[in-house]
Amino acid sequence: MLNKKAQISEIMTWVVATIVILSILIVFIYASSLLAQKTKTIKAQDLRIDSEKEVNLLDTKTLIAYSSASEEKRGVIEGWGKENE
Amino acid sequence: MKKKGGAKIIALYWFVILMIVAGGIFAMVYSFYYHPYDVREIEGKIIINQIADCLSNQGELSSELFDEEGFSASYKNNFLSECHINFNVEESWNKEPQYYFKIDFYKSEDLENSVFNILKGSLELVASCEIQEEKEYKREVKCVEDNFFSFNGEDLYLIKILAIIKKTEKNVK
Chain A
1 MLNKKAQISE IMTWVVATIV ILSILIVFIY ASSLLAQKTK TIKAQDLRID SEKEVNLLDT
61 KTLIAYSSAS EEKRGVIEGW GKENE
Chain B
1 MKKKGGAKII ALYWFVILMI VAGGIFAMVY SFYYHPYDVR EIEGKIIINQ IADCLSNQGE
61 LSSELFDEEG FSASYKNNFL SECHINFNVE ESWNKEPQYY FKIDFYKSED LENSVFNILK
121 GSLELVASCE IQEEKEYKRE VKCVEDNFFS FNGEDLYLIK ILAIIKKTEK NVK
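Same order as they appear, the protein sequences are chains A and B.
All residue numbers for the first sequence refer to our numbering, where the first residue is 1 and numbers rise by one.
All residue numbers for the second sequence refer to our numbering, where the first residue is 1 and numbers rise by one.
Take the hints with a grain of salt, since some may be wrong.
[To be verified] Each computed BS3-like pair below joins lysine-lysine, with the alpha-carbon atoms no more than 25 Å apart:
(1) B/Lys120 with A/Lys43
(2) A/Lys40 with B/Lys120
(3) B/Lys167 with B/Lys135
(4) A/Lys38 with B/Lys120
[What the hints assert, rightly or not] Far from chain A by the CB rule (all over 10 Å, computed), these chain B residues:
(5) Ser56
(6) Glu69
(7) Asn94
What the hints contain is simulated information worked out from the structure, not anything from laboratory work.
Glycine included, every Cβ here is placed at the ideal spot set by N, Cα and C.
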């Protein structure tokens, strides 16, 4: 009787260990799949080279136009910028 | 004798667990590398930058864009070759059109109604872009929009550029 109980408890240990191993594996497989979906979409702001601030070529073009614009035209550019902030 | 049988079962059990763990690691690596990198937004941005660089330099619109009557129709027709843009893709993705872009020019006096536009590529892609105005769908086309101001003499223009990239099969799984 005692021998049978010892056998059952030993089997239970292995069963629980197997379940733990399988659950960890399933969690990791799911996490790697989620990670792949999230990190593999590269956006324009991800491409920052040696700078904390994103440099936008089109913003630079607008700034150049702004620097050579009259007061009235500067107002148009500022107004547009505020509207689209 | 009994002990020997138990040891065999445990060895077999460990072998099975080892196989399962190895299979799990394989599944993790496979599921990560199975998804391709989605670089369509960058691609759209590159097209927009190329167009903007072609249209405007040092705050002034290119003189080639205009003729005696205003905006040049021949420049519009030859825009792709003038700006060194092509819509070539790998042969396997060549069956369907993959690119579209639209450039709208607005005078600073009226930023609502465009005075001139240049369209190139497949118009079919525009509808998928409109669907995504409220919510972005991964398996649909990628729409990238940007704008800038530039002068033509005394006239200030707002130039809006919309680039649409399909290439869904290559970038999304």
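Here's how the hints hold up against the structure:
no. : hint                   : verdict
1   : B/Lys120 with A/Lys43  : 24 Å, holds
2   : A/Lys40 with B/Lys120  : 29 Å, violated
3   : B/Lys167 with B/Lys135 : 19 Å, holds
4   : A/Lys38 with B/Lys120  : 32 Å, violated
5   : Ser56                  : 6 Å, violated
6   : Glu69                  : 24 Å, holds
7   : Asn94                  : 24 Å, holds
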